[in-house]
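Novice: The listed protein sequences derive, respectively, from chains A and B. Take the position in the first sequence, starting the count at 1, then add 37; the result is the number in our numbering. Take the position in the second sequence, starting the count at 1, then add 44; the result is the number in our numbering.
Please keep in mind that the hints were generated in silico from the structure rather than gathered at the bench. Check each hint, because a few of them may be wrong.
Calculated lysine-lysine pairs in the BS3-like style (CA-CA distance at most 30 Å, straight line) [claimed, not checked]:
1) B:K115 / A:K101
2) A:K65 / B:K54
3) A:K172 / B:K115
Residues from chain B that face chain A, not an exhaustive set, calculated with beta carbons under 8 Å [as the list claims (entries may be wrong)]:
4) I47
5) A51
6) K54
7) S55
8) P79
9) D82
10) E84
11) R85
12) G92
13) S93
14) H96
15) V99
16) Y118
17) K123
18) G138
19) P155
Computed from a predicted model, the values in this text were never measured in an experiment. Heads up, the beta-carbon is just placed ideally off N, CA and C, and yes, glycines get one too.
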Amino acid sequence: MIYILYLFFFGFLLTAVIGLFGSWIDRKLTARLQYRVGPPLLQPLFDILKLLKKETLVPFGASKATFLAAPMIGLVSVMVVSTVLWVNNVDSQNTFMGDLIVVVYFLLVPSISIIMGGFASGNPLASLGASRELKLILSYELPFILAVLVAVIHADFSLRLGDILATQAKNGVIAVSWSGGLALLITMICMQGKLALVPFDTPEAETEIAHGVLIEYSGPLLAVYRLMKNMLFFALPFFIIIIYLGGLRGHGLHLLYGALEYVGIVALITVIRNTNPRLRIDQVLRFFWGPMTVLAIIAVLLALGNY
Amino acid sequence: MGILDKAFLKSLWVFHLATGSCNNCDIEFLDCLTPRHDIERFGMLLVGSIKHADVLLVTGAVNRQCIPRIKRLYEQMPKPRLVVAIGECALSRGVFMHSYNCPLPLDHVIPVDVYIPGCPPRPEAIISGIMQLIEKRKGQPDEAKA
Chain A
38 MIYILYLFFF GFLLTAVIGL FGSWIDRKLT ARLQYRVGPP LLQPLFDILK
88 LLKKETLVPF GASKATFLAA PMIGLVSVMV VSTVLWVNNV DSQNTFMGDL
138 IVVVYFLLVP SISIIMGGFA SGNPLASLGA SRELKLILSY ELPFILAVLV
188 AVIHADFSLR LGDILATQAK NGVIAVSWSG GLALLITMIC MQGKLALVPF
238 DTPEAETEIA HGVLIEYSGP LLAVYRLMKN MLFFALPFFI IIIYLGGLRG
288 HGLHLLYGAL EYVGIVALIT VIRNTNPRLR IDQVLRFFWG PMTVLAIIAV
338 LLALGNY
Chain B
45 MGILDKAFLK SLWVFHLATG SCNNCDIEFL DCLTPRHDIE RFGMLLVGSI
95 KHADVLLVTG AVNRQCIPRI KRLYEQMPKP RLVVAIGECA LSRGVFMHSY
145 NCPLPLDHVI PVDVYIPGCP PRPEAIISGI MQLIEKRKGQ PDEAKA
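Just chain B, same shape as in the assembly:
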């Protein structure tokens, strides 16, 4: 893999999207930025604009209001891009499984690269999930990384 691909894996900028979650996953993700966990060690930064982002972190069950908005955000992300689903709600809708308002889990709306289960997942689990994603991408040939 080329130097530019290596640089991509060493400097993932993260955009955080909460699709109506109960805030627990959001708090656990924000813990990753605190001195105890500090994801800037791995070059990850939290950015405020989707145009700057490499990774889209989604927390919460995807409801009817959010589906078109998630699709728009995903289309606005410059390629190459990654999506990380955090928490039981984003993975499988959790307790909202039979709700009238949550027709689809996240991976039926946009392609998801990493699933991090837990209600909420611990910050260590989030970091370990993203690091596993990096390890996985390191082994792949360039063509598979659209």
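Only chain A is shown next, with the shape it has when bound in the complex:
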């Protein structure tokens, strides 16, 4: 019973509410950076509600079952990720061995669901976007996993998120050490890729391939994809806060610190995406497998040397 509460209240409802709020911060800050006024507070919610009422069109020649199932797979995987993260954050002893691997694995599934949807829709531009998304995953996963390894090494080679949190509660947050700071930087940049935002938004480049992978989606299916992206907009910064910044604590002044950490990460993402041009997919691959992987290996070596 308690797990159902975690799944629906923490995993879905709370994550969705905070994610929608985060995506409003993103849009409002973008507007302010461009000297515009920007959308009202409830705008991300209105977008999703509106899409629920609209007609669902399945394109001729699409593989129907995959086309309809792909958004659900993505949404459910984000729910599972945020449930595991919330359980760890609320009660860090109540976890199982290897939940870090589960989280890293399920954080990949939204991208896989987007690829499935893109290929299933039978649109040439969507296929192009999906193949770019595949290459994007190949690029960012290597430095991302190496950077996550830094937190594992700090927690005495434990693959439990609870142990990582307990270590940080005892010895201070990982991000203030040299290796931790470097790993935080790398994870932030990989997160930009995971969220497919500029400079790594090659899969859904509006000007070249017209939203790419999501081009054929309409109505409730698009609403599910948008909700998934908005929830990911909370789940990924939350993951970073847990493994490098000691998690969110829900009482007194800590609540304020937690909110500031989240808003700060969202603001950083937004500023990066508003001040950079889009990279070509080969440049993305070279960037992640070149400088980012070298930095990640340096961070791992520093962590092994206890810096």
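Given the coordinates of chain A, work out where chain B should sit on it, guided by the hints.
Specialist: Just chain B, lined up with the frame of chain A:
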């Protein structure tokens, strides 16, 4: 009206179709997205795919080549959908009135919800036209909004 209908009027996503216009109306519409006018205040976004769109903005005189394409785009739009005709050419064919190549004005091809006259209309006129459309739809019962 229900919450979903209210949400529809607060988040209109716009698809821009130029049917061979002289580019003036297009530039005036793009002005609506700039900091001075900023239609994102009203939740409107410019989208790149017709499947995401709620509003079809048409600029330019409808010529023979474009008629089947406009019909296809209109059929691909998910319901509920709105059509806005911008500029004299889309309204009444303008200077192409007697041209061999422009047999019909836009509203003989697809149903049009708002006409915004002008050659080109100012961005304020475009915004005011769309806001009048929203006000009009707010007063209507649900059945009239197919």
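Novice: Hint by hint, note whether the structure agrees.
Specialist: Quick rundown of the hints versus the structure:
With a C-alpha separation of about 25 Å, the suggested pair K115 (chain B) and K101 (chain A) falls inside the 30 Å cut-off, and the hint holds. Distance hint between K65 (chain A) and K54 (chain B) is fulfilled; the C-alpha atoms sit about 16 Å from each other, no more than 30 Å. Between K172 (chain A) and K115 (chain B) the alpha-carbon distance is near 37 Å, which puts this suggested pair outside the 30 Å criterion. Checking I47 (chain B) against chain A by beta carbon gives a least distance of about 7 Å; that is within 8 Å, so the hint holds.
About 4 Å separates the beta-carbon of A51 (chain B) from the nearest beta-carbon of chain A, less than 8 Å, and the hint is met. Here the hint on K54 (chain B) is kept, as its CB sits about 5 Å from the closest CB of chain A, short of 8 Å. Interface hint at S55 (chain B): satisfied, since its Cβ lies 4 Å from the closest Cβ of chain A, which is below the 8 Å cut-off. Checking P79 (chain B) against chain A by beta carbon gives a least distance of about 4 Å; that is within 8 Å, so the hint holds.
Interface hint at D82 (chain B): satisfied, since its Cβ lies 4 Å from the closest Cβ of chain A, which is below the 8 Å cut-off. A distance limit of 8 Å between C-beta atoms decides the matter here; for E84 (chain B) the minimum to chain A is near 5 Å, and the interface restraint holds. For R85 (chain B), the interface hint holds, since its Cβ comes within 8 Å of a Cβ in chain A; the closest pair sits about 5 Å apart. The interface hint given for G92 (chain B) is met, as the beta carbon of that residue sits about 4 Å from the closest beta carbon of chain A, less than 8 Å.
Annotation: S93 (chain B) was flagged as interfacial toward chain A, and the flag holds, the nearest CB pair being 5 Å apart, inside 8 Å. Using the Cβ-Cβ criterion of 8 Å, the hint placing H96 (chain B) at the interface with chain A is satisfied: the shortest such distance is roughly 6 Å. The closest approach between the C-beta of V99 (chain B) and any C-beta of chain A is roughly 12 Å, which is over the 8 Å cut-off, so the hint fails. This hint is violated: Y118 (chain B) has a C-beta 13 Å from the nearest C-beta of chain A, more than the 8 Å allowed.
With its C-beta approaching chain A no nearer than about 5 Å, K123 (chain B) sits inside the 8 Å limit, and its interface hint holds. The closest approach between the C-beta of G138 (chain B) and any C-beta of chain A is roughly 29 Å, which is over the 8 Å cut-off, so the hint fails. Taking 8 Å as the C-beta cut-off, the interface hint given for P155 (chain B) is violated, the closest approach to chain A being about 16 Å.
Violated hints, listed in ascending order, are 3, 15, 16, 18 and 19; each of the other numbered hints is respected by the structure.
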